[in-house]
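Chemist: Chain by chain, the residues:
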Amino acid sequence: MLSVHDLKVSFATRQGEVRAVDGLSLEVGQREVLGIVGESGSGKSVAMYSMLGLVRDANASITGSVRFEGKEILGLADKDMQSIRGGDIGMIFQDPMTALTPVYTVGWQIVEQIRAHTDMTKPQAKERAIELLAEVGIPDPRTRVNHYPHEFSGGMRQRVVIAMALSCNPKLLIADEPTTALDVTTQAQILSLMSRLQETHGSSIVIITHDMGVIAEMAHRVVVMYAGRPAEIGPEIDVVRSPRHPYTWGLLGAVPRAGTRSQRLATIPGNAISPLDVPVGCAFAPRCEYRMAICVERPLMKGADGHQDACWLSDEQRITIRSSVGRGTS
Amino acid sequence: MTTYIIRRLISAVLVLFSISVMVFLIFFATPGVNPAARIAGRSATPQILAQVSKEFGLNRPLPIRYALMMYHLFIKQDLTSYVNIGDKVVPQITAAAPVTLSLILGAAIIWMFVGVLGGLIAAANRGKFIDPLIMFFGIAAVSVPAYWLGEVVNYFTQDRLHTSVFSWVPALGYVSPTTNPWQWAVHLFFPWITLAALYAGIYARVLRGELINAMNEDYVRTARAKGLSERRILLRHALRCSLISIVSLFGLDFGALIGGAALLVEVVFGLPGVGLLTYNSLLNLDLPVIMGCVMYGAFFVVLASAVVDVLYAYLDPRVRVVR
Amino acid sequence: MTDDILLRATDVVKSFSSRGKKLGTRSVAQAVNGVSLEVRRGETLGIVGESGCGKSTLARCLVQLLPVTSGTVEFNGTVLTDLSRRQLRPHRRNMQLVFQDPYASLNPRRTVGDIVADPMRINKVGSEAEIKDRVEKLFVTVGLDPSYLRRYPHEFSGGQRQRIGIARSLSLNPLLVVADEPVSALDVSVQAQVLNLMADLQEEFSLTYVFIAHDLGVVRHVSDRVGVMYLGEIVELGDADDLYDKPHHPYTEALLSVVPELNDTDAPRRERILISGDVPDPSDRPTGCCFHPRCPIATERCTTDKPELVTISPGRQVACHYPRNVNSSAQPGTVSP
Numbered sequence: 011m012l013s014v015h016d017l018k019v020s021f022a023t024r025q026g027e028v029r030a031v032d033g034l035s036l037e038v039g040q041r042e043v044l045g046i047v048g049e050s051g052s053g054k055s056v057a058m059y060s061m062l063g064l065v066r067d068a069n070a071s072i073t074g075s076v077r078f079e080g081k082e083i084l085g086l087a088d089k090d091m092q093s094i095r096g097g098d099i100g101m102i103f104q105d106p107m108t109a110l111t112p113v114y115t116v117g118w119q120i121v122e123q124i125r126a127h128t129d130m131t132k133p134q135a136k137e138r139a140i141e142l143l144a145e146v147g148i149p150d151p152r153t154r155v156n157h158y159p160h161e162f163s164g165g166m167r168q169r170v171v172i173a174m175a176l177s178c179n180p181k182l183l184i185a186d187e188p189t190t191a192l193d194v195t196t197q198a199q200i201l202s203l204m205s206r207l208q209e210t211h212g213s214s215i216v217i218i219t220h221d222m223g224v225i226a227e228m229a230h231r232v233v234v235m236y237a238g239r240p241a242e243i244g245p246e247i248d249v250v251r252s253p254r255h256p257y258t259w260g261l262l263g264a265v266p267r268a269g270t271r272s273q274r275l276a277t278i279p280g281n282a283i284s285p286l287d288v289p290v291g292c293a294f295a296p297r298c299e300y301r302m303a304i305c306v307e308r309p310l311m312k313g314a315d316g317h318q319d320a321c322w323l324s325d326e327q328r329i330t331i332r333s334s335v336g337r338g339t340s
Numbered sequence: 330m331t332t333y334i335i336r337r338l339i340s341a342v343l344v345l346f347s348i349s350v351m352v353f354l355i356f357f358a359t360p361g362v363n364p365a366a367r368i369a370g371r372s373a374t375p376q377i378l379a380q381v382s383k384e385f386g387l388n389r390p391l392p393i394r395y396a397l398m399m400y401h402l403f404i405k406q407d408l409t410s411y412v413n414i415g416d417k418v419v420p421q422i423t424a425a426a427p428v429t430l431s432l433i434l435g436a437a438i439i440w441m442f443v444g445v446l447g448g449l450i451a452a453a454n455r456g457k458f459i460d461p462l463i464m465f466f467g468i469a470a471v472s473v474p475a476y477w478l479g480e481v482v483n484y485f486t487q488d489r490l491h492t493s494v495f496s497w498v499p500a501l502g503y504v505s506p507t508t509n510p511w512q513w514a515v516h517l518f519f520p521w522i523t524l525a526a527l528y529a530g531i532y533a534r535v536l537r538g539e540l541i542n543a544m545n546e547d548y549v550r551t552a553r554a555k556g557l558s559e560r561r562i563l564l565r566h567a568l569r570c571s572l573i574s575i576v577s578l579f580g581l582d583f584g585a586l587i588g589g590a591a592l593l594v595e596v597v598f599g600l601p602g603v604g605l606l607t608y609n610s611l612l613n614l615d616l617p618v619i620m621g622c623v624m625y626g627a628f629f630v631v632l633a634s635a636v637v638d639v640l641y642a643y644l645d646p647r648v649r650v651v652r
Numbered sequence: 292m293t294d295d296i297l298l299r300a301t302d303v304v305k306s307f308s309s310r311g312k313k314l315g316t317r318s319v320a321q322a323v324n325g326v327s328l329e330v331r332r333g334e335t336l337g338i339v340g341e342s343g344c345g346k347s348t349l350a351r352c353l354v355q356l357l358p359v360t361s362g363t364v365e366f367n368g369t370v371l372t373d374l375s376r377r378q379l380r381p382h383r384r385n386m387q388l389v390f391q392d393p394y395a396s397l398n399p400r401r402t403v404g405d406i407v408a409d410p411m412r413i414n415k416v417g418s419e420a421e422i423k424d425r426v427e428k429l430f431v432t433v434g435l436d437p438s439y440l441r442r443y444p445h446e447f448s449g450g451q452r453q454r455i456g457i458a459r460s461l462s463l464n465p466l467l468v469v470a471d472e473p474v475s476a477l478d479v480s481v482q483a484q485v486l487n488l489m490a491d492l493q494e495e496f497s498l499t500y501v502f503i504a505h506d507l508g509v510v511r512h513v514s515d516r517v518g519v520m521y522l523g524e525i526v527e528l529g530d531a532d533d534l535y536d537k538p539h540h541p542y543t544e545a546l547l548s549v550v551p552e553l554n555d556t557d558a559p560r561r562e563r564i565l566i567s568g569d570v571p572d573p574s575d576r577p578t579g580c581c582f583h584p585r586c587p588i589a590t591e592r593c594t595t596d597k598p599e600l601v602t603i604s605p606g607r608q609v610a611c612h613y614p615r616n617v618n619s620s621a622q623p624g625t626v627s628p
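Residue numbers (my numbering), protein chains in the order written: chain A, 11 to 340; chain B, 330 to 652; chain C, 292 to 628.
Hints are not guaranteed to be accurate.
Stated by the list, open to error - Here are the in silico distance ranges between beta carbons for each label pair:
(1) B:643 x C:602: 54 to 64 Å
(2) C:431 x B:542: 53 to 63 Å
(3) A:230 x C:530: 35 to 45 Å
(4) C:617 x A:330: 46 to 56 Å
(5) B:643 x C:568: 43 to 53 Å
(6) B:462 x A:141: 48 to 58 Å
(7) B:335 x C:356: 30 to 40 Å
(8) A:131 x B:542: 45 to 55 Å
Unchecked claim - Some, not all, of what chain A presents toward chain B, calculated at C-beta under 7 Å:
(9) 64
(10) 65
(11) 109
(12) 123
(13) 151
(14) 153
(15) 154
(16) 158
(17) 163
Honestly, the hints are just simulated from the structure, not real lab data.
Glycine included, every Cβ here is placed at the ideal spot set by N, Cα and C.
Could you put together the complete structure from these sequences and hints?
Modeler: Spelled out as structure tokens, the structure:
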């Protein structure tokens, strides 16, 4: 479905070159949910935006290969990208409060998208919009289709955004932090909605988040990103239960859970690196407890069974570390 | 929406009332002025002065004086000019109003068209050559004083090139549209352009700024993700949202202009509008006329401001929920 | 007042009024609707709830940053709500607030050294030299290099700014620190650092915390006792582990069931209880129990009879007519009489 190879996105700034994404490769299969997890500055959002031509900075340089359904879409002319965006690939963003144009009704906005990609007439498109609103659980859709975005609550607005993104039956849905701005109960509603829709529409989903819990809920496979590079890729259950990369260890260890009360949370020493100061070699080395001499060379992604990591630690070394430290790292 | 409109109108009435009180107080507080004499006229006899004193209650408490003044001004409409004896104030204003209105309306259409177009082109081509070019013209137009520009225009159209290029330009003055529509337009042509230049510059700059901000908003990102063309996004989404602030600005400018703020243009082009009337009455300290003009001007500004607020609520649905 | 209890709030109500939807009417919204709680010396009381539940307003009422509409707040033996502003001033040093947004809570025009020194200067604690010395010590305590004193907030990351905010709150040696969502805006790894720091500080300075957050995992981690808020009311209160293992209020139960969990153990996952609908408008409160429109087990009684917060077992309070999991042997998710 989506095949990304060695994607690199960098921005030329006055202070130097900022490598927002530095060699990302991933695959998304049919009907699969891929999670991309990372903290701020990891490049997870920029990666997705640049794939779809949403990075409009004149100082940006984007290289690599992005194939969607076999066809190369990186570097495609804007006009051609426009038919893919919203048509074959739908996107939903983080903040539902500002995602919709405030001066048009939600119905008008959904109809606009439908008519941009299909031949439906206005009345037909409006009927479809009402159907979609009902499908995402908006009560009384026939009336609410004529309401303005500010007349909906945050959770409802996100549903509208989802309805809009699905309106043209996209094969791939990209969700950038779709529930971060929402309450936990609303988040649960939205995630369950997305799972359900994924099954009925048969689309693949890429979900970008910083919340490992959301990944555990939704994703089949996960990519852990740090400093614009993939640290670890694999089936979600493997990455969570047997993580390989020290950054993943740190990330999982830092999550407060039942049973961690009155204990110190495992932290990652130091601070997040500035994108201008990415070290030669492994990006995580300066903060890594287990760094070795070889880490001045950038590690390649290696691994078997679909579970890969970018770390020089060998499997034996990992087993030694895990058994000596215990729960904190594994 | 209706509650909003009602609330808005009530506050408009209150503002007008406050202005009328202030204007009235000025009338009575201007140094070196005898209110009775000012009302009665330059060559008033003592009998007339006494009569005026009685009619306007000049010896009675302030609120009564205020009430009587308003009565004479609006209801009886028999307040007369100090300078031009016998000329009533209200008819003078009503005669001058259409001139100002013609000037402003024409200029407004031109400046909105040019300004919005300029702002759009500049924003759409941000960074390219045409953007700073338009902005330069905008700044130039804003910096040049209207009266100077007017005089320069006159210099070329009435004097220097009057016999050659601009032979079709008539002498300074105004022709009513009911008399001769074509002449009406021809007479106003250069005044329109002069007045429009200033405002077109401002509006182009403001719109450009608003559009650029709007294009960075989240909803534009969503629109792109929907696969819409850049053109549609600019015109249907960004422009629509940016117009809101332009409309507010326009309303206030328009209201102020109708009230007589274009007086310098009127003076330069010899158009007998409210601006010119106010100007002359200020020179002569013709208090009744001044009062009339001020109330007239205030009324339009307040009305324009109320209309703008209501229009704003229509354009931006979020504002309708008044908290 | 027992020596053991540092802060006691009794029936605190905070309402805001604004223009009503109809002409000439005013609408009144109770952001905090009768909250009573006690904070013991040295403990961490966590308050958890979703957006709009009134927890931030409650935080501000507790430290008297907002005047309460009714009710009392007793702190360290004194009834603060009876005092005038001037009388209140000397008490303010003993309770401090740490704010949520590390980007907005520091004055961008002051150096960070000044930001931490200001409370001391305002309260005239010591000479300028002593103050400077103390600021440096505070910086070290929160893990920041004291040479950063002269820098401005924008030069620091979110986590560092939050540390500065914490240093500021400690500058007057308070007894109580109310932290209003102190880590919500931070990345997970940074969050962990700040939480560890706060735990260390609590031990070192014998602090009492009221920790307010919407992240249930974080609240459980830091708190000894937890209160759950909904629509301005405390619906459940009790020991942290106990409350999380056996929630009594249907809202708590649902809230806990939908928290996305890491599935790194084979323990069975909780059954998800999805609450439908949205939080009601606080100016238009439901009759009876405030949760009844969304409650999966609401009955007729719940629409008319408002449940009081009652002690159902030692250390556990709940405001519900049909508390769940009351028999200790029952598993969460089962119906109990």
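Chemist: Measuring from beta carbon to beta carbon, are residue 335 of chain B and residue 356 of chain C in 30 to 40 Å?
Modeler: Holds - the Cβ-Cβ distance for residue 335 of chain B and residue 356 of chain C, about 37 Å, lies within 30 to 40 Å.
Chemist: Can residue 109 of chain A be said to touch chain B, with a Cβ gap under 7 Å?
Modeler: Hint holds; residue 109 of chain A Cβ to chain B Cβ min 5 Å, cut 7 Å.
Chemist: Has the hinted range 46 to 56 Å been met by the Cβ atoms of residue 617 of chain C and residue 330 of chain A?
Modeler: holds, 48 Å
Chemist: Taking 45 to 55 Å as the stated bounds, is the beta-carbon spacing between residue 131 of chain A and residue 542 of chain B within them?
Modeler: About 35 Å separates the Cβ atoms of residue 131 of chain A and residue 542 of chain B, which means 45 to 55 Å is violated.
Chemist: Hint says 43 to 53 Å; check whether the CB-CB distance for residue 643 of chain B and residue 568 of chain C agrees.
Modeler: violated, 31 Å
Chemist: Quick one, is the residue 158 of chain A hint okay against chain B at 7 Å, beta carbons?
Modeler: Interface hint status for residue 158 of chain A: holds (4 Å vs cutoff 7 Å).
Chemist: For the hint on residue 123 of chain A, does the least C-beta distance to chain B fall short of 7 Å?
Modeler: holds, 4 Å
Chemist: Hint says 53 to 63 Å; check whether the CB-CB distance for residue 431 of chain C and residue 542 of chain B agrees.
Modeler: violated, 43 Å
Chemist: Can the suggested window of 35 to 45 Å be confirmed for the beta-carbon pair residue 230 of chain A and residue 530 of chain C?
Modeler: holds, 38 Å
Chemist: Is 48 to 58 Å a correct range for the gap between the Cβ atoms of residue 462 of chain B and residue 141 of chain A?
Modeler: holds, 49 Å
Chemist: Looking only at beta-carbon atoms, does the pair residue 643 of chain B, residue 602 of chain C fall within the given range of 54 to 64 Å?
Modeler: holds, 56 Å
Chemist: Should the interface hint for residue 154 of chain A be scored as holding, given a Cβ-Cβ cut-off of 7 Å against chain B?
Modeler: Given a least distance of 14 Å, the restraint on residue 154 of chain A is violated.
The earlier numbered hints that this structure contradicts are 2, 5, 8, 10, 13, 14, 15 and 17.
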